[in-house]
Amino acid sequence: MDYGFPILSSLIFLPIIGAAALLFIPRSNEDDVRRMALLITIVEFLLSLPLWFQFDKSSHLMQFVEKHPWIPAWNVNYYLGIDGISILFVLLSTLITILCVLVSWTAITDKVKEFFAALLFLEGAMIGVFCSLDFFLFYIFWEAMLIPMYLIIGVWGGPGRLYAAIKFFLYTLVGSVLMLVGIITLYYHGGHTFDILKLSANTYPLKLQMILFWAFFAAFAVKVPMWPVHTWLPDAHTEAPAAGSVILAGILIKMGAYGFLRFSMPMFPQATQAMMVPMLILSIIAIVYGAVICLGQDDMKRLIAYSSVSHMGFVTLGMFALNYQGLEGAILQMVNHGVVTGALFLSIGIIYEQTHTREIADYGGLASLTPIFAGFFMVFTMAAVGLPGLNGFIGEFLIILGGFATKTWAGFFAATGIIIGAGYMLWLYQRVFFMEKNPKMVSLGLRDLNCREFITLLPMLLLIFWIGIYPNTFLSYMHASVAHLLQQVHASTGSVQANTNAIVECALRFIGG
Amino acid sequence: MNIPTYLLVIPFLPLASFIFTLLLGKRLGDKAHWPPIIAVLISFLCACYAFDQVLHGNHVNADLYTWFASAKFKASVGFLLDELTAVMLIVVTSISSLVHIYSVGYMHDDPGYYRFFSYLSLFTFSMLMLVLGNNFLQLYFGWEAVGLSSYLLIGFWYHKKSASDAGKKAFIVNRFGDFGFGLGIMVVFLVFGSVHYDTVFAHVHDVVGHTFNFMGFNFDVISLMAILLFCGAVGKSAQIPLHVWLPDAMEGPTPVSALIHAATMVTAGVFLVARCNPIFSLSPAAMNLVTIIGALTCFFAATIALVQVDIKRVIAYSTVSQLAYMFIGCGVGAYGTGIFHLYTHAYFKALLFLGAGSVIHAMSDEQDIRKMGGLKKYLPVTYFTFLMASLSISGIPPFAGFFSKDQILAEAFASHVAAGKFAWFVGTVVAAMTAFYSFRLIFLTFHGEFRGTEEQRKHLHESPLTMTIPLTLLALGALAAGWVGVPEVLGGENGWAHFLAPVVGHPEVHLSEFTEWVLMTISVAAGIGGIYLAYVMYMVKPEIPVELARKHPKLYDTLFNKYYVDEFYNATIVEPTITCGRKILRGITDGKIIEGVVNGVPGLIGKFSHVLAKLQNGRVQHYGGVMAVGAFILLWIFM
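Protein sequence lines, in the order shown, are assigned to chains A and B.
Residues 1 to 513, numbered by the numbering used here, are exactly what the first sequence covers, in order.
Residues 1 to 639, numbered by the numbering used here, are exactly what the second sequence covers, in order.
Calculated from the structure, these hints are not laboratory results.
Nothing here was measured: the structure is a model prediction, and the numbers come from that model.
Where a beta carbon is used, it is the ideal one built from N, C-alpha and C, also for glycine.
Some hints here could point you the wrong way.
Claimed, not checked - BS3-like, lysine-lysine: derived pairs with alpha carbons at most 27 Å apart: (1) Lys160/B to Lys440/A; (2) Lys74/B to Lys407/A; (3) Lys161/B to Lys440/A; (4) Lys437/A to Lys160/B; (5) Lys198/A to Lys57/A; (6) Lys541/B to Lys437/A; (7) Lys407/A to Lys72/B; (8) Lys161/B to Lys437/A; (9) Lys72/B to Lys57/A.
Said to hold, decoys possible - Label-pair distances were calculated between CB atoms; the ranges are: (10) Gly600/B to Pro50/A: 23 to 29 Å; (11) Ile42/A to Ile469/B: 52 to 58 Å; (12) Asn2/B to Pro50/A: 34 to 40 Å; (13) Ser58/A to Glu567/B: 31 to 37 Å; (14) Leu555/B to Phe454/A: 42 to 48 Å; (15) Pro50/A to Arg582/B: 24 to 30 Å.
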């Protein structure tokens, strides 16, 4: 579909140009910097809305496509487009960045203009990752994203920021290097092209598929992060400023899962199927390990960070169940996790601004001191533990159903994560909001949410209810793309029908006698 | 097919009232109870209308909208109105209305007044969604939503650690049950390709004898489904081994205990089994399990209730025990009778709790029955209604509890399986114990000398009309609710069983009239015997119980400490999991092993590159350079 107006390019470059423009504002006008950044992110969000309304949900094809030759000698194109999967993440990125600007309004007081410039640059690069259909372009955005994120953690982070930033950077880099090798190998074996769609249409020998699967796995598993390469996440999340944690949880770690969907599965379908069981096992370990370790945390942000490991375990489990329910649940859960964990980090950032402590033991009795904040946090907590009617449930249920349909043990062990999940989240809530007021909190004279903070949290709250009550708005975007993806994965083994309809077959087996 | 408006009003008006009261209730101040009360009363009227519609044969089964769908999987928000739903609607809305009104008096000076009423509305909405659903997913929605309301209301006085602990415990223990319940729903979908009751129940006969591979083992598919679903019921209805949350739930305000933890929410498990009777009936294994869990819980809970000294805890254990009777009914195939006991129990147990609330209110929040006594003359209405409820629970004719309990025991006796006979025996013994602990409570609380402080005595007063009117109405229920199910042997028509038969069937009870009379005599004698024993031990010779406790300290301590089940769970599940998280995962695997590798590798490289110190100046751009070099090396290896 040709849209005439280069809307995706605009979405990528508006914040990048905006970031450059910010640097021209005199350093003394900090409020102008903030207002300008907010204005840019809001315009960006409005600009992304036509995607939502003009998108043709019945098609799995790339839409809003832009393609221009870039480096003809290497057959590199400037090639953009989105399908029913990436559209959700583009919109999530444009929304979350607004909230990040809002939550940083008074929290960032040092090098204000550089901070917002980094944030905007990051937004452009993130959208670029989700829209790229050319590997060369994709890799540039993928790596470009690292720099502002590294700076956000390393410059505006907490006391251990340098260690966390370098760890984040090196971890990611090691993975990325292997992916780069994979990309270049693909270039030579796939007909000298970086065109992702063309490369996905090829069939590669199984041995090559396996090697490349693991090369890409290195990059994506670190990003997700999957167990056991998750240890950068707690440090990065804990030390990053609120906006950094929100972007990390909301968007960045989604890119690993997105990479599996966009590259590993369609390009290496046989390897994907062969690796299904190991991937399911790694996912289960992440779910249970991430959840149990949450019970041993004293730091709020660290706890939420580890809960991300557990929740992303659900996402990878759903993906590698390789059926409709699992995949759609996984994609929805990526959005859900972005919303819920994003909201939790926003909340912690908001309260941290007043308390300057992340130690759970320093809190207590906040339900009496800040009742509106407590109400918001209750909804976020309940969404995180998968209460039906809120968004987390829909994703988790579909994922566990998908896992259960593929391998009953996968669904069974994944479901244990829901029990432990209730344990650590309610325990956190109790220690922070319930019980006697902690004298430390009383002496601070805490105030409840102000107008800006209220507006920061409200969109997340509404999304939580919207996805929980009427998720079809979001699921309907992905049906066609997921069907196409499953077809690609199962086509290689010639068992499309058998595998994509495994569930129906199972039912028929019984009903038909 | 359209859903009639009156049916939509039943759940959604309380929902609207919840949102309104939560957001604006603070401004309403001490009038915050009006929106929830009006909403629940209208719901009650609509429920009566719905009941009338069902009596005239007008059923409803329609979807409102598709909740979520993925390929063949489809979950709907849909409503089913049949005989079983109609009964549940009446029970839920009537008790909820009375508890709402009672709370006006009970909660009048609480700072969280509006919050309390908004939560009550939330609960009412959730419970109604649970009973009205036409598919398993909506049942699950209601199931978790009542769990949330329960969590919020148990922990209503959240500043107390014990209350917030209890709320958390209720939620998490229920999650264990829901774990099985959720998997059960998935098996249902995988087998039938649908989660709608009508499709599933219509096809359940087709899968008899088939197996399902679960975790590598082949199980009989119907038994597997039934047992997994039953896990949910065990959690929600506080049966062994997941009964531990309910007694702690008494930390919540007393109206909540009456509404949620006695009359309605905890009976959801019984409702689940009755609703899924086409599945359960085809699995002898599951039926036996239900009966045996019922019989065991019935007995153990009653033994604990014998020695507790907190007025609410005695009633709480009695609730666990009575719920177990309902499961015995379901387990022997008498689902209608199980629901009958659910319905009579709702009235007399809500009455017991509200009566206890009235006592606690009068005693300035004292709950220890050892410090009460002689309250009869200060609280005449409370005493009289409490007595009626106790007669009802003790199974004394013509009170409501007699009819339902007697029928459960008769049907257990008539059952062809050993588990049924066993349940009959246990049930009869427990009937005596029930009467005993109920009247122990009456004698210790209302009779004898007042044992509280002088300060408390001065404040003793009968509760206001907003509290005594609901008590009186419930007392009528405790007396007369059973009269709709008078068995044929007593000259009745058993209208109840005939009414519910289209949904739950009608068990063939092959008992001669003579046997029925004998059984009835035994169960009434057990009840009277229990009361008499309590009279002797607590009125005539009060030294006996003291002497008994002194002579058998181990037995007494075991009962008083609830068989140490909480301690057992703490030592085997809770503590090891937390220790594992903190010491092993955080301390060793993450802290030492993975981090050791992660920090070790760059360290090695660092030593190596120390030689190339000029490169290693710690700037990011240089990592870019390292990256490029590394990439080329790897490329060279691959090509």
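These are the hints, each one checked on the structure:
no. : hint                             : result
1   : Lys160/B to Lys440/A             : holds, 18 Å
2   : Lys74/B to Lys407/A              : holds, 21 Å
3   : Lys161/B to Lys440/A             : holds, 18 Å
4   : Lys437/A to Lys160/B             : holds, 10 Å
5   : Lys198/A to Lys57/A              : holds, 22 Å
6   : Lys541/B to Lys437/A             : violated, 48 Å
7   : Lys407/A to Lys72/B              : holds, 18 Å
8   : Lys161/B to Lys437/A             : holds, 11 Å
9   : Lys72/B to Lys57/A               : holds, 18 Å
10  : Gly600/B to Pro50/A: 23 to 29 Å  : violated, 51 Å
11  : Ile42/A to Ile469/B: 52 to 58 Å  : holds, 57 Å
12  : Asn2/B to Pro50/A: 34 to 40 Å    : holds, 37 Å
13  : Ser58/A to Glu567/B: 31 to 37 Å  : violated, 60 Å
14  : Leu555/B to Phe454/A: 42 to 48 Å : violated, 58 Å
15  : Pro50/A to Arg582/B: 24 to 30 Å  : violated, 50 Å
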